[in-house]
Amino acid sequence: MRIRAQFGMVMNLDKCIGCHTCSVTCKTVWTNRAGAEYMWFNDVETKPGGGYPKRWEDQERWNGGWELDKRGRLRLKAGGKLRKITRIFANPDLPKLDDYYEPWTYDYETLTRAGDSKHQPVARPESQITGRPLALEWGPNWEDDLAGGPDAARRDPNLRGIEEQVTLDYEQAFMMYLPRLCEHCMNPSCVASCPSGAMYKREEDGIVLVDQDKCRGWRMCVSGCPYKKVYFNWRTGKAEKCTMCYPRMEAGMPTICSETCVGKIRYIGIVLYDADRIEEAASVPDPKDLYESQLGLFLDPNDPEVAAQALADGVPQDWIDAARRSPVYELAVRHRVALPLHPEYRTLPMVWYVPPLSPVMGVIEGRGAEADPDDVFHLIDEMRIPIAYLAEMLSAGDPEPVRRVLTTLAAMRRHMRRKNLGQEDEASDPEATRTLEALFRLLALARYDERFVIPKGHVEEAASVLSLQGSCGLDSAGGPGPCMPQTPVAPEMYDPPRRLLQIQRKDTP
Amino acid sequence: MSRSDVILWVIVPYATLAVFVVGHVWRWRTDQFGWTTRSTQLLESRWLTIGSNLFHVGALLAIVGHIVGMIFPESLTERFGMSEHMYHVQAVGVGSFAGFLCIAGLVILVVRRLSVPRVAATTSTADLVMYAVITVAIVTGQIATAGYQVLTDGYNYRETIAPYMRGLMVFDPRPSHISGAPVLYQVHVLSTFALYALWPFTRLVHVWSVPWRYLIRRPQVVRARRGTVRDGARSR
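Protein sequences, first through last, are from chains A and B. Quick note: the first sequence uses the numbering used here, first residue 16, plus one each step. Quick note: the second sequence uses the numbering used here, first residue 136, plus one each step.
For reference, chain B alone in the conformation it holds in the complex:
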């Protein structure tokens, strides 16, 4: 295990995760006012409607797929009677579909952001950096899924990358698992680490504000000036 392996696959991941955690705490405590989607739908709606829906649905599918793929080890899916081949067929199928939605949405959103003057005027440097990193992550992911797995013999990341990620999560890093993986996969993984580090400093924080409580709260919100927030208080 070389020094560069340790840096790339142990130090960088934990450093970015530390930035991710500390950054979020800092942002949450100091910048509630800036914590928003920063939507530009007011400025341009038609392309956003197409691009945003494609991108978000694709991204959510991809995220669910990654979580399933990383958390459930091969032994588990095999116990449920799903062979390695079957798993990959569905992973490639669902993954490619999600990736396609994501990329189509991303292309529309990026082109829109750069070419619609009103939207471009509201774009920050953080937005641009984030877009670049997200593009790398999604494109490498899609090539790995749709291209690599289909056109070549394929690469069983579930025996290398997935255990490596699980190791990271339980603070038992095993860089050797991933140091031998194809470069494409390595770039994919590293770009997502970069994304984690950027996350708290960009509009991506809106992800954590998914308004699930809306589904269970009462329609009206009434607050007493005494300072207590009575979310969903009896108001009617």
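Next comes chain A alone, as it looks inside the complex:
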């Protein structure tokens, strides 16, 4: 056993109102620059819908993620290493810019320059890549709120196989929001796809990053990621992705998408897991077992043996303490109300989702059902968002985990409702009541420091950040090229004097 700590995120889809604030603040912070205009490290998709990029979930087309070979061993769906190398001149699985959208701006100058005229001046859209006028036929969130109607919704690969159960007629249409960012997987296929070894997972916190200095632009990560959350910067010729806002996280602050979430749907915390069993967990034969096998990797931070082993494996004590208060552990592992997105990709993703419940309650309350869990159980199968659909997304098509989560959530709501109305909850044992109320607190009331339990990074262990001074940012104005002044490199940048390290330690609380 070798214990590592890993950041995870849980999103409560029940509370997502699809306002895109997360996407906008993320974009403003990270991808608001040339070459990255089309990138959304975080985006919110209306489901059912094709998503961004178009039909990203169709792995028969994009060959992202992992699969088992004939002998049951894990391998990249896009093929082995040799096969990858032969595709290096042109990657057949790479999405085109049009699968995302061509970024544009408007010719605002026309407005400010326009003189008196009979007609209103119009700012025309122009491509941010070519500068030419652009006929807008597709763009970010083009299908927001089911715009495009049933035809657009049918592009959703999750509807494959359950078409007859799902009707997209207006009266019976359903929709939900799915905010997406990099999953910071425990078994990342982007990292395994990168020929240059530029992509890596951080040992301390599990954040997956692209080393901009080592990336050589081979593009295999873009297609290798089944979530299509690695992007290619057309200007710098390098891959970029969600950074989990690591500069904020190292300082104990949540990611910008979580910080600014209006509905307070996001939770961040750490989990401890056994790094030696990752391959084993990702290799279970039946995709429907992947949810359980991933859960099996997580270790109980309150177990003294786990804590001792974690400490021995280099997890700092304050991180173990944080793991004990982790809302991600609570929601995903203890209460099991959060599910991983598309576990069948075998990447062991670490952004988990509480499936949306609201329409179910409409059914339950409308019928005035006696909500003993069995009754809820039956009603849940009649809800507007079909369980089969949620299961396609969150549990490799197995309806049971989704049904169980929704039952738990419905029972929680029912209990709290009766409590508020002063009705006795007959036949409830105190243990179950405590659990439901703890869950309610976490999902409905949890304050900032309960939703975000983020231990600070241990800067004193890091290599000197001074060595990074003066190195290129992502957004050097002239695109790629030497962007720093050509000063001789001072040796202390690579091998900092002890004095500098002392100062750094002093600054670390």
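Some clues are possibly wrong.
Cross-link-like lysine to aspartate or glutamate pairs, in silico, DMTMM-like; alpha carbons within 20 Å at most [said to hold, decoys possible]:
| hint | chain 1 | residue 1 | chain 2 | residue 2 |
| --- | --- | --- | --- | --- |
| 1 | A | 471 | A | 307 |
| 2 | A | 30 | A | 452 |
| 3 | A | 111 | B | 219 |
| 4 | A | 69 | A | 113 |
| 5 | A | 69 | B | 307 |
| 6 | A | 434 | A | 446 |
These are computed hints drawn from the structure, not numbers from a lab.
Guided by the hints, dock chain B onto chain A, whose structure is given.
Structure of chain B alone, referenced to chain A:
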């Protein structure tokens, strides 16, 4: 041996090779961020798939052919029972094939680069200069191989140009070996020297980043923040 011979066949080669070496050291040390293929596949994929595969396969074949042709002297191939004629037949055959792939790929890539607006928008001056020089090198090479050798009596470059190149490599330059060669060959050689000088300042540097280590590394890469890069570390 005239002064111009010395300039063209001694000074220019060594100057461009010096730029090649020093330029690479400079670029490697100062511009890891810019060291990339700068692929435009995201912007246009269909023509790139055809053109890039043709060009790269052709170029690799041609490079291997040149190395073999330059390094193995005539005496060696003859010892293995390959006559001058046999050698040329296979060289013309393989060389023409490689040249054909290269030129077909290059035409597609150049036309694409100039005519697809998105790709044109990302094209730099260095790209254009490099394309021009590469075109000259490849076209003269192809004419020399397929045209000169087939249509005329041929020119045995293995007795002149190859020894001249070997001389350069061991710092024993013999300009007289090449000063008498047909102009076509001379232009071919000079254009490749120009390419060496351009190399470190263009996207051609991606050639040195052929990811051969990918074949032997473990799938996952985990780095500890202590700053050590543990490529292929135990991660699973």
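Check each numbered hint against the structure and report the violated ones by number, ascending. 1, 3 and 5
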